Amino acid sequence: MVAEREEVQLTEKREDPQNKTQGKRNEMEIVFDAISCNESFARVAVAAFITHLNPTLEELADIKTAVSEAVTNAIIHGYENLSGYSRHGESIPAYSIVHPGKVRMRCVLEGDMLSIEITDQGKGIEDLKKAMEPLFTTKPELERSGMGFAFMEAFMDDLEVESTPGKGTRVHMWKKMRCGDWIGKED
Amino acid sequence: MEDFQDFQIIDNCLMVRMPEEVDHHRAAYICEGADRLLVRENVENVVFDFEDTRFMDSSGIGIIMGRYRKISCFGGHVYAIHADRQIQRIFRMSGLHGIVEILPG
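Chain order of the listed sequences is A and L.
Take the first sequence: its position 79, counting from 1, is numbered 145 in this note's numbering, and each next residue is one higher.
Take the second sequence: its position 100, counting from 1, is numbered 324 in this note's numbering, and each next residue is one higher.
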C-alpha cells in the first residue's frame, strides 16, 4: 500500500517537471476556547484539512500528536485550565478554575509544505530553553510527562517557539508532507 | 464513578482499558480511576490495554510513568498490550520501553 503510493508520487514528479503542485496555497484558521475537550477538535480539524494530500497514517498520527501537544500546552500552561469544563463529560469539577481564553490555530499548505501556527494570549513561558528540555515540567502534580516540546520537535520537521511572559506564546511548526523517510521501514 | 469496564482486577493485576483517544482531556479520569483501585485493592502489576486506542500523545506517557512510580517501589511491573506501531514508537521515543514491558496481544 505504502510502496504503491510512493510510486504514484514519483510518476507525478516525473510527468510534472515544473512541479505544478508547488505554489498552490491553501490556508485555514480557527479560533476556539481554551478548554480540554477542544484538544481533539483541533487535531481532527488539521487532519481533515490535509486529507486531500493523501497523507500516510503515520504522517497523520505525527501531525495530530504534535498539534495535540501544542494545543494542550496552550490550554493547561498558557491559560492554566487544568481540566477544562467538560472533563469526561461531566459538568465543571468543583476544584477546576476556568480561565477564559482562546487558542488560535492557523494552517497553511503550500505545495507539500504544511505549516501550523498555534497562538495563545496566555501567561507565556518564563524560561523557554528550560521548557523545551525533555522531561521538564512546571506542573509535576498533573503527572504529565514533560515531553511536549520534544514530541513536537520529533514529529515535525521544524519548530519555532516565541513567547513573552504575560503576553502569550506562539508555536510554529512545519512538516513536509509525503516524504517521511521512516515510512515503510521496520523500526 | 468510573465505568466498570475500564478498570478490572484480575488476580494481582489491574487491567486498564485505554480509551480511543488518550490525551490530556481523558488523562485525569484514567489516573484517578486507576489510583483508586491501586489503593483499595492489593494490586501488584498494572496492564494497560491499548486495543481501542487510535491516538495517544505525551499525556499517555505521563499516565504510565505516574502509575509506574506508584507500584515500582513495591516491586510491581507495568505492561502494555495491543500497542500499535505509533504507540510503540512513542514509548521508544520517550524512553518508556525500558520500564514498560510490551506484550503482544
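Hint data in this document are derived by calculation from the structure and do not stem from the laboratory.
Since the structure is predicted, the reported quantities are computational estimates derived from the model, not experimental observations.
Cβ atoms here follow ideal geometry from the backbone N, Cα and C, with glycine treated the same way.
Please note that the accuracy of each hint is not assured.
Here are the simulated DMTMM-like pairs of lysine to aspartate or glutamate, each with C-alpha atoms no more than 20 Å apart in a straight line [unchecked claim]: (1) L/Lys294 x L/Glu244; (2) A/Lys195 x A/Glu176; (3) A/Lys233 x A/Glu176; (4) A/Lys189 x A/Glu176; (5) L/Lys294 x A/Glu176; (6) A/Lys196 x A/Glu176; (7) A/Lys205 x L/Glu265; (8) L/Lys294 x L/Glu325; (9) L/Lys294 x A/Glu183; (10) A/Lys90 x A/Glu219; (11) A/Lys205 x L/Asp259; (12) L/Lys294 x L/Asp235.
For each label pair, taking beta carbons as the anchor points, the in silico distance ranges come out as [stated by the list, open to error]: (13) A/Lys195 x L/Glu265: 26 to 32 Å; (14) A/Lys168 x L/Asp235: 20 to 26 Å; (15) L/Gly322 x A/Asp223: 24 to 30 Å; (16) A/Asn120 x L/Arg278: 36 to 42 Å.
What the simulated footprint calls covered on chain L by chain A, stretch by stretch (three residues with Cβ under 8 Å from a Cβ of chain A suffice, anywhere in the stretch; the number is not a length) [stated by the list, open to error]: (17) 230–237; (18) 259–265; (19) 294–302; (20) 312–322.
Here's how the hints hold up against the structure:
1. A C-alpha spacing of about 24 Å is found between L/Lys294 and L/Glu244, which places the hinted pair above 20 Å, so the restraint is violated.
2. Annotation: proposed proximity of A/Lys195 to A/Glu176 is violated, straight-line Cα distance about 30 Å (limit 20 Å).
3. With a C-alpha separation of about 29 Å, the suggested pair A/Lys233 and A/Glu176 falls outside the 20 Å cut-off, and the hint is violated.
4. With a C-alpha separation of about 31 Å, the suggested pairing of A/Lys189 with A/Glu176 is violated against the 20 Å cut-off.
5. Restraint check for L/Lys294 and A/Glu176: not satisfied, since their Cα atoms lie roughly 47 Å apart, outside the 20 Å limit.
6. Proposed proximity of A/Lys196 and A/Glu176 is contradicted: the alpha carbons are some 32 Å apart, above 20 Å.
7. Between A/Lys205 and L/Glu265, the direct Cα distance comes to roughly 28 Å. Violation of the 20 Å bound is thereby established for this hinted pair.
8. Between the alpha carbons of L/Lys294 and L/Glu325 the distance comes to roughly 16 Å, so the proposed pair stays at or under 20 Å and holds.
9. Taking the CA atoms of L/Lys294 and A/Glu183, the gap is about 37 Å. The hint is violated against a cut of 20 Å.
10. Distance restraint check for A/Lys90 and A/Glu219: the Cα-Cα separation of roughly 26 Å exceeds the 20 Å cut-off, and the hinted pair is therefore not satisfied.
11. Distance hint between A/Lys205 and L/Asp259 is fulfilled; the C-alpha atoms sit about 19 Å from each other, no more than 20 Å.
12. In summary, the hint linking L/Lys294 to L/Asp235 is supported, as the alpha carbons are separated by about 18 Å, within the 20 Å threshold.
13. With their beta carbons about 43 Å apart, A/Lys195 and L/Glu265 fall outside the hinted range of 26 to 32 Å.
14. In this structure, A/Lys168 and L/Asp235 break the distance hint of 20 to 26 Å, their C-beta atoms being roughly 49 Å apart.
15. In this structure the supplied range 24 to 30 Å holds for L/Gly322 paired with A/Asp223, their Cβ-Cβ distance being about 27 Å.
16. Take A/Asn120 and L/Arg278: their Cβ atoms lie about 19 Å apart, and the range 36 to 42 Å is violated.
17. Coverage of the stretch 230–237 of chain L by chain A is violated in this model, with 0 residues showing a Cβ closer than 8 Å to a Cβ of that chain against a need of three.
18. As drawn, the stretch 259–265 of chain L meets chain A at 0 residues by the rule of a beta-carbon pair under 8 Å; below three, the given contact is violated.
19. Here's how the stretch 294–302 of chain L fares: 0 of its residues keep a CB closer than 8 Å to some CB of chain A, so the rule of at least three is not met and the hint is violated.
20. Judged by the Cβ-Cβ criterion of 8 Å, the stretch 312–322 of chain L is covered by chain A as claimed, because 5 of its residues qualify and three suffice.
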